[in-house]
Amino acid sequence: MLSMNNLCKVFQSADIQTHALREVNLSVNEGDFLSVTGPSGSGKTTFLNIAGLLENHSSGEFLLDGENVGALKDSARSRLRNQKIGFIFQGFNLIPDLNLYDNVDVPLRYRGFNARERKQRIHSQLERVGLASRMKHLPAQLSGGQQQRVAIARALATDPRFLLADEPTGNLDSEMAQGVMSLLEEINQQGTTIIMVTHDTELAQRASRSIQIKDGRVSEVPPLMKRVIA
Amino acid sequence: MLELGLIVRALLRHKMAALIIALQIALTLTVLVNAVFMIQDRQASMARDTGVNETDTFYLTSRVFAPGYDYQSEIPKDLDLLRHTPGIIDAVYINSVPLSGYGGYQRLQLQPGKDQSSIIAGDYLSDDHLLNTLELELIAGENFQPEDVLIQDSNSAQLPAKIIVSRAMAAQLYPDNWQRALGSTVYVDENVPLKITGIVKTLQGAWHFWDQVEATIITPVISLTDAGIYLIRTEPGRRDELMPEVEALLAHSNKNRIIRSVTTLQDTRDESYREHNATNKILLLVVVTLVLVTAFGIVGLATFGINRRTRQIGTRRALGATKGQIMRYFMVENSLITLAGIALGAIGAVALNIYLVETFAMTPVTPDLIVYGAIAVFVLGQLAVLYPARKAALISPATATRMV
Numbered sequence: 000m001l002s003m004n005n006l007c008k009v010f011q012s013a014d015i016q017t018h019a020l021r022e023v024n025l026s027v028n029e030g031d032f033l034s035v036t037g038p039s040g041s042g043k044t045t046f047l048n049i050a051g052l053l054e055n056h057s058s059g060e061f062l063l064d065g066e067n068v069g070a071l072k073d074s075a076r077s078r079l080r081n082q083k084i085g086f087i088f089q090g091f092n093l094i095p096d097l098n099l100y101d102n103v104d105v106p107l108r109y110r111g112f113n114a115r116e117r118k119q120r121i122h123s124q125l126e127r128v129g130l131a132s133r134m135k136h137l138p139a140q141l142s143g144g145q146q147q148r149v150a151i152a153r154a155l156a157t158d159p160r161f162l163l164a165d166e167p168t169g170n171l172d173s174e175m176a177q178g179v180m181s182l183l184e185e186i187n188q189q190g191t192t193i194i195m196v197t198h199d200t201e202l203a204q205r206a207s208r209s210i211q212i213k214d215g216r217v218s219e220v221p222p223l224m225k226r227v228i229a
Numbered sequence: 000m001l002e003l004g005l006i007v008r009a010l011l012r013h014k015m016a017a018l019i020i021a022l023q024i025a026l027t028l029t030v031l032v033n034a035v036f037m038i039q040d041r042q043a044s045m046a047r048d049t050g051v052n053e054t055d056t057f058y059l060t061s062r063v064f065a066p067g068y069d070y071q072s073e074i075p076k077d078l079d080l081l082r083h084t085p086g087i088i089d090a091v092y093i094n095s096v097p098l099s100g101y102g103g104y105q106r107l108q109l110q111p112g113k114d115q116s117s118i119i120a121g122d123y124l125s126d127d128h129l130l131n132t133l134e135l136e137l138i139a140g141e142n143f144q145p146e147d148v149l150i151q152d153s154n155s156a157q158l159p160a161k162i163i164v165s166r167a168m169a170a171q172l173y174p175d176n177w178q179r180a181l182g183s184t185v186y187v188d189e190n191v192p193l194k195i196t197g198i199v200k201t202l203q204g205a206w207h208f209w210d211q212v213e214a215t216i217i218t219p220v221i222s223l224t225d226a227g228i229y230l231i232r233t234e235p236g237r238r239d240e241l242m243p244e245v246e247a248l249l250a251h252s253n254k255n256r257i258i259r260s261v262t263t264l265q266d267t268r269d270e271s272y273r274e275h276n277a278t279n280k281i282l283l284l285v286v287v288t289l290v291l292v293t294a295f296g297i298v299g300l301a302t303f304g305i306n307r308r309t310r311q312i313g314t315r316r317a318l319g320a321t322k323g324q325i326m327r328y329f330m331v332e333n334s335l336i337t338l339a340g341i342a343l344g345a346i347g348a349v350a351l352n353i354y355l356v357e358t359f360a361m362t363p364v365t366p367d368l369i370v371y372g373a374i375a376v377f378v379l380g381q382l383a384v385l386y387p388a389r390k391a392a393l394i395s396p397a398t399a400t401r402m403v
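Residue numbers (numbering that gives the first Met the number 0), protein chains in the order written: chain A, 0 to 229; chain B, 0 to 403.
Don't take each hint at face value.
Said to hold, decoys possible - Some chain B residues near chain A, calculated using beta-carbon distances under 7 Å:
no., residue
1, L5
2, P66
3, T314
4, L318
5, A397
6, T400
By construction, these hints were calculated from the structure, which means they are not laboratory data. Positions of the beta carbon are idealized from the N, C-alpha and C atoms, including for glycine.
Full structure from sequences and hints, please.
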């Protein structure tokens with residue numbers, strides 16, 4: 000369902016070319032829970048941005064559900080993001096001026112759901128992450144773990160096929176991180192494909208597949224090696 | 000989907016910034032509507048037709064200094080000389096000039112007697128050549144005959160039997176039907192009868208600031224004075240050429256007076272409305288400055304809001320917002336602020352106008368001007384936010400992951 004063939008990403012600034020990703024060949028199948036690790040500056044976020052259609056690749060091929068997304072216009076990419084991809088960010092990226100209900104509502108409005116449908120989805124997702132009772136609260140009134148749960152509810156509200164998580168536990172203490180990770184595992188078990196960028200090797204091992212990015216090159220980490228690392 | 004609810008709720012969390020710009024918009028609309036109204040009012044006043052040929056007409060003053068000057072014979076000689084000068088169509092001796100700020104008036108009564116109500120009329124004293132000299136349009140009745148004209152000392156109280164009135168004057172005398180004025184008798188000095196024998200379409204009086212400036216009469220009297228005015232109409236296009244010639248001609252024809260203040264009617268009009276023009280320019284400058292300050296205020300607020308919400312915009316893009324939806328978000332947000340400002344401004348415009356009407360006896364502003372002002376301010380708001388909104392739409396969705 001997600002396939003990258005010889006995909007490269009080059010950043011050009013003045014006379015300097017920076018190869019963020021080099022000849023990435025990767026397939027992600029439905030139901031996968033793929034962890035992405037690598038040192039800082041290795042290209043993890045760039046990989047996630049390209050996978051999530053947040054930015055374009057420079058060369059190679061990227062197929063999403065068989066569709067070559069490289070040639071799509073910005074508006075079509077926006078529509079695909081809204082329909083197929085959910086995002087979880089390290090900094091939660093909730094809109095501080097809106098309460099939890101309205102935060103979850105944002106992608107649903109872009110999708111064009113009617114008010115009744117939106118309300119039903121918002122209630123359902125906030126209940127799923129255990130925050131239905133606080134839907135009128137502002138993000139600042141919640142703990143980091145709770146904010147990340149709201150972000151997960153928002154990501155899932157549109158029923159995406161992929162969930163892309165960028166260091167989802169990076170700003171959380173270990174207890175909250177475990178809670179968020181358990182929630183992600185539960186979501187994956189219910190059929191949502193997850194790609195998670197993380198620094199935390201322990202969390203990475205809980206994914207069904209792992210890749211490592213180093214100097215822009217992607218390599219699959221075999222299950223055996225995962226155990227050795229553990 | 001306009002996200003109206005989300006925008007309103009988000010705005011309410013940053014009330015102060017939105018309130019300040021809404022108040023600025025309100026102030027702009029308040030001042031804009033009243034300033035434009037004042038400009039329009041002055042423009043309308045300046046655009047009023049004097050009823051006379053201003054293009055080809057000029058006048059001069061004959062100031063007599065010699066004792067024993069024989070006005071009775073010299074003035075007709077001057078007029079004869081002028082009327083027979085090539086290039087001059089006609090000329091008159093007159094007591095005042097339209098819009099010059101100097102003139103005479105009469106109180107007209109429909110009934111004789113002491114305590115009868117009267118109407119004030121600007122009074123031109125001249126002869127049967129005045130209609131031709133000023134190219135006035137006679138719309139009813141007839142012109143004076145030469146024998147109707149009294150030539151008398153300016154202190155004389157004798158009055159002729161006839162007058163010609165302007166239509167505006169006729170309408171004041173007979174509001175239901177101005178044509179009834181023709182042939183009717185009015186009274187001056189309580190009981191001196193004057194018969195209205197002609198009505199001219201338009202003839203403004205000497206004072207532009209007088210609200211009844213178009214209520215005038217022509218009395219067939221040559222009122223002899225040591226500072227008499229000769230009003231002269233030339234053939235089209237020859238006015239400027241003839242002005243110095245006529246000045247020299249009259250100066251040489253009689254050495255017992257000096258000729259001065261040779262002026263065109265156009266210059267008199269310009270001088271008369273100089274203050275109006277200056278005030279309009281100042282008001283226009285104030286309006287333009289205020290509009291620009293408000294536009295920059297909107298640009299500033301929108302830019303500040305966008306910079307403050309860069310990651311939020313990136314997140315919205317990541318969640319599926321198109322560039323158009325981001326742009327629309329800021330346009331709608333700005334519309335709401337502008338509409339709030341317009342609502343306050345409309346109230347302010349009316350309040351300020353009521354104050355101006357009560358204090359300076361101005362006419363009330365018309366509702367359509369408030370509507371046009373509101374539309375103009377709304378369009379201004381949308382234009383001002385266009386650039387920042389476009390900038391916001393260009394924020395990359397990748398911003399959501401690149402900033403922590």
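Right, here's what the structure says about each hint:
At its closest, the beta carbon of L5/B sits 5 Å from a beta carbon of chain A; the interface hint therefore holds under the 7 Å criterion. The closest approach between the C-beta of P66/B and any C-beta of chain A is roughly 92 Å, which is over the 7 Å cut-off, so the hint fails. Using the Cβ-Cβ criterion of 7 Å, the hint placing T314/B at the interface with chain A is satisfied: the shortest such distance is roughly 4 Å. Because the smallest distance between the Cβ of L318/B and any Cβ of chain A comes to about 4 Å, under 7 Å, the interface hint for this residue holds.
At its closest, the beta carbon of A397/B sits 4 Å from a beta carbon of chain A; the interface hint therefore holds under the 7 Å criterion. At its closest, the beta carbon of T400/B sits 5 Å from a beta carbon of chain A; the interface hint therefore holds under the 7 Å criterion.
The structure does not agree with numbered hint 2 stated previously, though it agrees with all others.
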